[in-house]
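Peer 1: Could you build all of it, start to finish, from the sequences and the hints given here?
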Amino acid sequence: MRPRLFASLTTAGTLLAVLCLPGSTAAQAQGGTAAPPQGGTAAPPAGRGAAPAPANYPPYQRPVSTFVPPRTPDGQPDITGLYLAIPLPRSVETPLVPLPPRQNRANGEFSYSLNERPKLPEGAIVRPAGVDPADGKIPLKPEALQKRKEIIANQEKIEHLDGRVLCLAPGIPRSTIPAPVVGYQIFQKPGYVVIYYEQSHLYRTIPLDGRPPLDPNIRKAMGVSRGRWEGNVLVVEVTNFTNNFENNWVIGAVSATPGIPAESLTTGHGIPHSDKYRVTERYTPIDANTIHYEAKITDEDVFTQPWTLAWYAMARAPKDYVPVEYACFEGNAKNLMLMTNTDISPIRVDVP
Amino acid sequence: MNKPVARTLFATAVAALIAGLTMTSAQAQRGAGPGRGAAAPASGTYNGPRTPDKKPDLNGIWQALGTAHWNLEAHSAIEGVPAGFSVVEGGTIPYQPSALTKRNENFQNRLSADPLRKCYLPGVPRAMYLPFPFEITQTPKHIGMAFEFAHGTRTIFLDGTPHMEDLDFWMGDARGRWEGDTLIVDTVSLGDQTWFDQAGNFHSAALKVTERFTPMDANHINYEATIEDSTVFTRPWKISMIIYRRLEKNLELLDYECAEHVYQKLFTEKTRKP
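Those protein sequence lines, which keep their order, are chains D and B. First residue of the first sequence? That's 0 in numbering that gives the first Met the number 0, and the numbers climb one at a time after it. First residue of the second sequence? That's 0 in numbering that gives the first Met the number 0, and the numbers climb one at a time after it.
Check before you lean on any hint, since a few could be wrong.
[To be verified] Computed footprint of chain D on chain B; a stretch qualifies when at least three of its residues, placed anywhere within it, have a C-beta under 8 Å from a C-beta of chain D:
(1) 116-129
(2) 152-161
[What the hints assert, rightly or not] Chain D is nowhere near these chain B residues, computed Cβ spacing over 10 Å in every case:
(3) Asn46
(4) Trp236
(5) Arg271
[As the list claims (entries may be wrong)] Distance condition first, Cα-Cα at most 25 Å in a straight line; then the derived DSS-like pairs of lysine-lysine:
(6) D:Lys333 to D:Lys156
(7) D:Lys156 to D:Lys146
(8) B:Lys269 to D:Lys146
(9) B:Lys269 to D:Lys156
(10) D:Lys148 to D:Lys275
(11) B:Lys264 to D:Lys333
(12) B:Lys264 to D:Lys156
(13) B:Lys237 to B:Lys101
(14) B:Lys269 to D:Lys333
(15) B:Lys140 to D:Lys318
(16) B:Lys269 to D:Lys148
(17) D:Lys146 to B:Lys264
Note that these hints are calculated values from the structure, not bench results. Quick reminder that beta carbons are idealized off the backbone N, C-alpha and C, glycines included.
Peer 2: Quick look at the structure:
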């Protein structure tokens, strides 16, 4: 292997591993409880070392945008372009058991910034992405919580390891959760919106023509998308997800802090799903540069009720931004060996 | 009729159906051997649909047919592999002697050595003629190509963005331009880890691929790729074939998540162990 190819792939792979490996030093969001939210009814700020009470955030209000995007030649609101992920200000969920604050954790979960990260828009409330139910907790059924505990407690086993570390397609909405690789390219062509994710060269084609869903026997790791424009808001119903591995988690941001119980996670790690899993996404252009994202998650077998994530997700990339290939799987065998003592390098599969 | 011949004829019939053409068997035979039959259409003959910026409209789902993904060169059938014509101009790839030895070793070791069997990205031009559909999304500044195999993508920059330096990419670094109705794409920085086919045809990191996409009509693209790599070959050489628009109603790309197959194999083996 040519040295520089090798170097670029292993660097990226190792970075991903470090960021996602429980036990790594990558920062884990603890701000959902440690810092008072701006503009909300905050719990009193906790001093260093004290266990803070969970914060109370104001009820989520879907942003109402008066921005009218220009139109594409076929009349769609024009959101075409290159975007970067806006960091989650307070990770995903409010933990059931508050975390003790950790010292010397500058800049929360995004201190590792690979790119110049876009900022939250003016006036946005700093809060976890989980906005419904209002307590910021993921409404897991008891058996799903049990499953989550098992998955989180066994992260050294490859069968339970974060699917993103295996370089599996992370599905929806996880592909829109900011990751170490954060670029998006939105294309529009007559009848379609197409999204390329820089992360693991994922893509989705979203037809807008009202075509029927696919046969339930056809499953896709990124789901099957059906979209429509509601005014200037792109609404996408995503169904037909694969459910091949326990590693296919619904969400998960950055890394889970080593050794903490599943009840105390703020990152969304270890949430399984069933064949019934489906998502309704809403992409709201807030201004010429910003897209707000909402994902309503439904799975009767896993959750006691539908729940919703929402955050300011995408900011238009600087003019000179060039998306580059992030080939995750190709450089990953060594990471998996390191992390799980499992050697996938001798495996060969049939291809047509 | 033996099996490989039946398969070839079947593929030809599918090609004819997809193309929506009525062909005599003699014409069909020529169509099945693009290296022999596909003459590059004269420029200025394209009468198909155009985008708002007046370029030939390549939006849609496409797929090459034939046996190039097994072997670019002429070959008889072997187990699981239909016979096929060469897609190489002049018939054979002009290897340097030591490189030809290496190619022959690759062929012997192909079941373990083919990077595709490790689920690595196929590279260019191999991605273009894998037996999977791919989808083109065309804008004035970028042309996106999304491949069903291992959800690979290419983004071809048409806006004058310069090539990047000091990085290699499995799918290369692609820059394109329109010359009349022909899309010309220069791809470099492909590394040395990909093959051209399952027969072990290979290249070095010096590879440069120049592709010409010349639409013949709304549903056919004459595809040519010139391969330059002075480390491995004695001269530049060219492949050509026809890429067909997939016309099935409501067609969409599905998944071939190759990496999942690796993990499925791993987990099955782990379960089987005592």
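Peer 1: Could you run down the list of hints and mark each one as holding or not?
Peer 2: Checked hints:
1. 116-129: With 6 residues close enough to chain D, the hint holds.
2. 152-161: holds (count 4)
3. Asn46: 19 Å, holds
4. Trp236: 22 Å, holds
5. Arg271: Since the minimum Cβ distance to chain D is about 14 Å, arginine 271 of chain B lies beyond 10 Å and the statement holds.
6. D:Lys333 to D:Lys156: 15 Å, holds
7. D:Lys156 to D:Lys146: 15 Å, holds
8. B:Lys269 to D:Lys146: Holds - the C-alpha atoms of lysine 146 of chain D and lysine 269 of chain B are around 21 Å apart, at most 25 Å.
9. B:Lys269 to D:Lys156: The hint holds at about 12 Å.
10. D:Lys148 to D:Lys275: Holds, at about 21 Å.
11. B:Lys264 to D:Lys333: Holds: lysine 264 of chain B and lysine 333 of chain D sit about 18 Å apart, inside 25 Å.
12. B:Lys264 to D:Lys156: Distance of about 16 Å is within 25 Å: holds.
13. B:Lys237 to B:Lys101: 20 Å, holds
14. B:Lys269 to D:Lys333: 19 Å, holds
15. B:Lys140 to D:Lys318: Roughly 13 Å between the alpha carbons, so the hint for lysine 140 of chain B and lysine 318 of chain D holds.
16. B:Lys269 to D:Lys148: 22 Å, holds
17. D:Lys146 to B:Lys264: 23 Å, holds
Going down the numbered hints, you'll see the structure goes against none, and every one checks out.
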